[in-house]
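Using the sequences and the accompanying hints, generate a full structural model.
Each residue of the sequence shown is one higher than the one before, counting from 1 in the working numbering.
Simulated from the structure, these hints should not be mistaken for lab results. Please read all numbers here as calculations on a predicted model, not as lab measurements. Don't take each hint at face value.
Below, a list of computed lysine to aspartate or glutamate pairs in the DMTMM-like style, where the Cα atoms sit at most 25 Å apart [said to hold, decoys possible]: (1) K721 - D651; (2) K802 - D779; (3) K642 - D734; (4) K310 - D631; (5) K721 - D362; (6) K339 - E83; (7) K313 - E83; (8) K313 - E92; (9) K267 - E280; (10) K467 - D351; (11) K365 - D411.
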Amino acid sequence: MDYSKKGVRRRLHYINPIMDKLGKKFLICLMCIALVSLLSAMVGVVCMGFGMVKGIIEDSPQISFIDVSPTGYKSTIYDVNGEVIQELYGTEANREYVTIDRIPKHLQHAIVAIEDERFYTHNGIDPKGIMRAAYIAVARHSLDQGASTITQQLIKNNVFKAFNESMNEKIRRKLQEQYMALKLEEQMSKSEILENYLNTINLGNGNYGVQAAAKNYFNKDVSELTIAESAVIVSITQRPVALNPVKHPEANKERMLEVLKKMYKQKYITKEQYEEAKAEDVYGHITNTHTANEAANVTTYSYFVDELIKQVKNDLIEQKGYTETQANNLIYKGGLTIKATQDMNIQRILDEEFADPDNFPDSQKVSLDYTLVVEELDGKVYNYTDQSVQYYFIKKTGNSQFSYIYNSTDDANAHVNEFKEAMLADGGKIISENIVYLPQPQASMTIVDQTNGQVKAIIGGRGEKTKSLTFSRATTSTRQPGSTFKIVSTYGPALDMGKITLNTKILDAPYQYKDGKQVMNHDKNYLGYVTVRFAIADSRNVPAVKVLNMISPQIGLNYALKFGFSTLVTPDEAINGHHDMVEALALGGLTYGVTNIDLCAAYAAIANKGVYNEPTYYTEVYDHDGNILLDDSYRESHRVIKESTAEILTDALLSVTEIGTGKFTYMNNQPVAGKTGTTNDDVDKWYVGYTPYYTGAIWFGYDDNQTYGFNYTLHVRLWGKIMNRIHEGLEHKDFEFTENITEVQICSESGLLPIPGLCDGHITTGRFVRGTEPTQSCDVHQKVRICTDSNQLATSSCPHTKETIINTHDYKDNPLTTCTLHAGSTTTTTKQSTETTTKASTETTKASTETTKASTETTKATDN
Numbered sequence: 001m002d003y004s005k006k007g008v009r010r011r012l013h014y015i016n017p018i019m020d021k022l023g024k025k026f027l028i029c030l031m032c033i034a035l036v037s038l039l040s041a042m043v044g045v046v047c048m049g050f051g052m053v054k055g056i057i058e059d060s061p062q063i064s065f066i067d068v069s070p071t072g073y074k075s076t077i078y079d080v081n082g083e084v085i086q087e088l089y090g091t092e093a094n095r096e097y098v099t100i101d102r103i104p105k106h107l108q109h110a111i112v113a114i115e116d117e118r119f120y121t122h123n124g125i126d127p128k129g130i131m132r133a134a135y136i137a138v139a140r141h142s143l144d145q146g147a148s149t150i151t152q153q154l155i156k157n158n159v160f161k162a163f164n165e166s167m168n169e170k171i172r173r174k175l176q177e178q179y180m181a182l183k184l185e186e187q188m189s190k191s192e193i194l195e196n197y198l199n200t201i202n203l204g205n206g207n208y209g210v211q212a213a214a215k216n217y218f219n220k221d222v223s224e225l226t227i228a229e230s231a232v233i234v235s236i237t238q239r240p241v242a243l244n245p246v247k248h249p250e251a252n253k254e255r256m257l258e259v260l261k262k263m264y265k266q267k268y269i270t271k272e273q274y275e276e277a278k279a280e281d282v283y284g285h286i287t288n289t290h291t292a293n294e295a296a297n298v299t300t301y302s303y304f305v306d307e308l309i310k311q312v313k314n315d316l317i318e319q320k321g322y323t324e325t326q327a328n329n330l331i332y333k334g335g336l337t338i339k340a341t342q343d344m345n346i347q348r349i350l351d352e353e354f355a356d357p358d359n360f361p362d363s364q365k366v367s368l369d370y371t372l373v374v375e376e377l378d379g380k381v382y383n384y385t386d387q388s389v390q391y392y393f394i395k396k397t398g399n400s401q402f403s404y405i406y407n408s409t410d411d412a413n414a415h416v417n418e419f420k421e422a423m424l425a426d427g428g429k430i431i432s433e434n435i436v437y438l439p440q441p442q443a444s445m446t447i448v449d450q451t452n453g454q455v456k457a458i459i460g461g462r463g464e465k466t467k468s469l470t471f472s473r474a475t476t477s478t479r480q481p482g483s484t485f486k487i488v489s490t491y492g493p494a495l496d497m498g499k500i501t502l503n504t505k506i507l508d509a510p511y512q513y514k515d516g517k518q519v520m521n522h523d524k525n526y527l528g529y530v531t532v533r534f535a536i537a538d539s540r541n542v543p544a545v546k547v548l549n550m551i552s553p554q555i556g557l558n559y560a561l562k563f564g565f566s567t568l569v570t571p572d573e574a575i576n577g578h579h580d581m582v583e584a585l586a587l588g589g590l591t592y593g594v595t596n597i598d599l600c601a602a603y604a605a606i607a608n609k610g611v612y613n614e615p616t617y618y619t620e621v622y623d624h625d626g627n628i629l630l631d632d633s634y635r636e637s638h639r640v641i642k643e644s645t646a647e648i649l650t651d652a653l654l655s656v657t658e659i660g661t662g663k664f665t666y667m668n669n670q671p672v673a674g675k676t677g678t679t680n681d682d683v684d685k686w687y688v689g690y691t692p693y694y695t696g697a698i699w700f701g702y703d704d705n706q707t708y709g710f711n712y713t714l715h716v717r718l719w720g721k722i723m724n725r726i727h728e729g730l731e732h733k734d735f736e737f738t739e740n741i742t743e744v745q746i747c748s749e750s751g752l753l754p755i756p757g758l759c760d761g762h763i764t765t766g767r768f769v770r771g772t773e774p775t776q777s778c779d780v781h782q783k784v785r786i787c788t789d790s791n792q793l794a795t796s797s798c799p800h801t802k803e804t805i806i807n808t809h810d811y812k813d814n815p816l817t818t819c820t821l822h823a824g825s826t827t828t829t830t831k832q833s834t835e836t837t838t839k840a841s842t843e844t845t846k847a848s849t850e851t852t853k854a855s856t857e858t859t860k861a862t863d864n
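Laid out in structure tokens, this is it:
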């Protein structure tokens with residue numbers, strides 16, 4: 001064997017080819033196995049990915065036209081003349097839907113040009129846009145570059161409403177959006193998709209949809225927008241806050257110019273239109289218009305709107321079976337059209353007169369509407385109000401009667417500053433603070449159309465209203481009604497039952513409640529026998545209590561409840577033994593009191609011939625599609641008193657404004673029937689009255705029930721001033737009396753038929769329900785002879801006498817005894833004089849005795 005160097009090399013030459021061949025085959029085999037494995041893995045991944053995508057797509061929501069329609073719409077309230085009173089909207093609900101034919105083509109093209117330039121040619125997704133977004137995503141490691149079509153954005157906004165998504169959630173949504181976009185474009189036309197999109201998008205300042213934006217920024221209908229204005233609105237969509245044209249006009253303008261440029265490049269506008277749009281001064285116009293709109297769009301609701309919202313909400317719950325949440329959503333997001341009963345012409349009169357300090361007492365006193373938000377060192381946030389201030393000083397002073405009414409604004413500020421210092425003592429910081437001074441005494445007023453119960457105007461207080469759906473002195477505050485309650489609890493029921501007529505005579509003399517307390521008149525005097533008409537006109541207390549006892553407090557309370565008072569307390573509902581079935585009911589001495597609106601509605605029932613109509617703040621409510629949702633047809637309405645009773649009460653209340661306590665109304669062209677009311681210690685001042693057109697109730701007083709102490713006619717004069725303005729231009733009307741009422745000449749002092757020669761000067765025309773008119777002659781006036789020296793009944797010895805006529809029921813000012821000046825004279829008088837003396841003396845003795853007794857009793861009076 002050749003083991004030489006050359007031989008070995010030769011041997012290796014033969015061996016290596018075999019090894020090379022075997023190695024190559026092995027490597028090829030390994031590579032094939034690896035390739036097959038890789039391909040298998042790739043197929044597996046692809047299959048797995050496909051399965052995942054398939055699962056995501058199959059999990060997509062099933063949608064239709066309805067699902068992509070915008071869902072939040074503002075509700076609009078209109079007054080009786082079609083004037084917009086208030087727009088109501090919650091989150092994403094300040095929207096007014098408009099059809100595509102009302103949206104100008106240049107606005108449609110503007111949104112397409114900037115958001116989805118291939119919108120009219122793609123089938124729901126844009127492959128070119130997706131590739132561009134994918135490239136940018138890889139290059140920038142971000143998914144911020146949008147590739148969504150308008151169709152996809154519509155689905156995102158109305159189906160997904162995506163916020164704060166993770167990366168996986170965003171990818172999942174994008175896949176579903178693309179699939180759903182393809183499906184949606186099979187169901188809807190491009191115009192339908194664009195219409196829904198333009199009514200959906202967020203356009204800043206709480207505006208959703210192009211119509212809301214057009215009105216807010218430019219004060220015009222969307223159909224009237226120019227190319228430049230359309231470009232401004234479209235520019236907002238990318239970033240509604242940062243591109244707000246009011247707060248960030250420079251940023252918006254940069255985007256707006258880009259929109260115009262794209263519109264020009266995509267041949268939606270000509271070169272001339274492009275240059276003209278760029279030159280238009282849209283931002284100066286926006287600033288002025290938006291400022292005016294902000295002033296008009298009051299976010300704090302009026303007192304009327306507060307009550308309307310409460311009533312609509314309650315009716316949705318009670319009449320339609322909605323839950324409270326559903327009712328709120330419908331009111332603030334349901335796009336309702338609400339036809340209110342309010343007449344803004346009347347409301348403005350109330351607002352103007354209540355804002356005039358000359359109509360109110362000259363007082364420097366104020367109360368507070370105060371809020372303070374404090375963040376403590378530990379991060380906790382505390383909210384304080386004016387009630388917190390009061391409670392702080394009650395605890396500090398130990399005075400549970402600490403008044404929240406201050407003598408001046410300086411006094412109020414001193415208390416607020418002390419309170420604030422105490423709340424910040426631990427190092428907290430003020431987040432916000434707001435203080436409003438409310439004038440005192442306060443006032444409220446309501447105006448109702450008595451024929452249907454529609455509330456025409458309402459004001460719940462003086463001063464600035466800073467909160468919505470809050471306290472109202474017209475509807476939520478209860479006050480003692482004073483003598484206004486005599487009509488509904490006492491005289492109305494007694495007349496209705498036939499127990500009295502207006503000419504029934506009641507002895508106005510010292511009288512006690514059953515518990516022994518004295519009933520006192522407002523003037524602390526007694527007038528003897530007075531007619532019911534006079535007792536009403538002069539607001540005598542004693543006759544009222546006597547008449548209530550005649551019919552019983554139970555019947556009086558039942559009638560008052562029928563008059564619609566919602567705050568009365570029956571014996572079954574007694575609070576610590578207190579209820580309203582008591583003698584004090586006649587004078588308005590109640591457990592809680594009444595609201596202004598309830599009192600107004602009760603008198604409106606009298607004005608409406610005895611039929612009570614529950615106060616209503618709307619006539620119809622329509623849903624977003626224009627279907628009737630609510631109306632006032634089911635509002636409570638019932639007869640309280642007979643028609644003839646209501647007419648007789650109207651006649652009596654006319655006397656109040658002609659000769660009684662309500663004579664300061666000073667109405668120019670209309671008759672007024674009404675009643676005053678003043679409570680113990682001069683705390684509450686009322687006047688409630690009506691014309692043939694409207695019923696109105698006004699209240700004056702301090703919020704903390706302190707003594708009023710000002711001119712007692714101010715509230716009556718303001719009532720008349722307001723009603724005079726309301727009735728300007730209205731035809732003069734008289735109250736109508738039916739055939740059930742007859743007119744008879746009577747003696748005004750006795751209420752009976754007049755006697756010629758005796759009742760001269762006291763003859764008037766009285767109205768009576770047929771069958772109740774008097775048939776007897778006057779028994780009050782008598783002709784007697786008096787001694788002119790002593791002014792007493794003359795005797796035969798009196799040298800100087802004269803014949804005169806006296807009122808035998810007026811025991812204060814008439815000669816009641818025979819002459820004592822001519823002593824020793826014959827005491828014989830005429831038969832008439834003797835009878836007069838005896839009768840008058842008896843009445844005098846009785847009244848004098850009771851007056852003496854009354855002087856020793858504790859006085860408690862509810863006046864006027």
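Tested hints:
no. : hint        : in the structure
1   : K721 - D651 : holds (22 Å)
2   : K802 - D779 : holds (21 Å)
3   : K642 - D734 : holds (20 Å)
4   : K310 - D631 : holds (15 Å)
5   : K721 - D362 : holds (18 Å)
6   : K339 - E83  : holds (10 Å)
7   : K313 - E83  : holds (22 Å)
8   : K313 - E92  : holds (20 Å)
9   : K267 - E280 : holds (20 Å)
10  : K467 - D351 : holds (17 Å)
11  : K365 - D411 : holds (9 Å)
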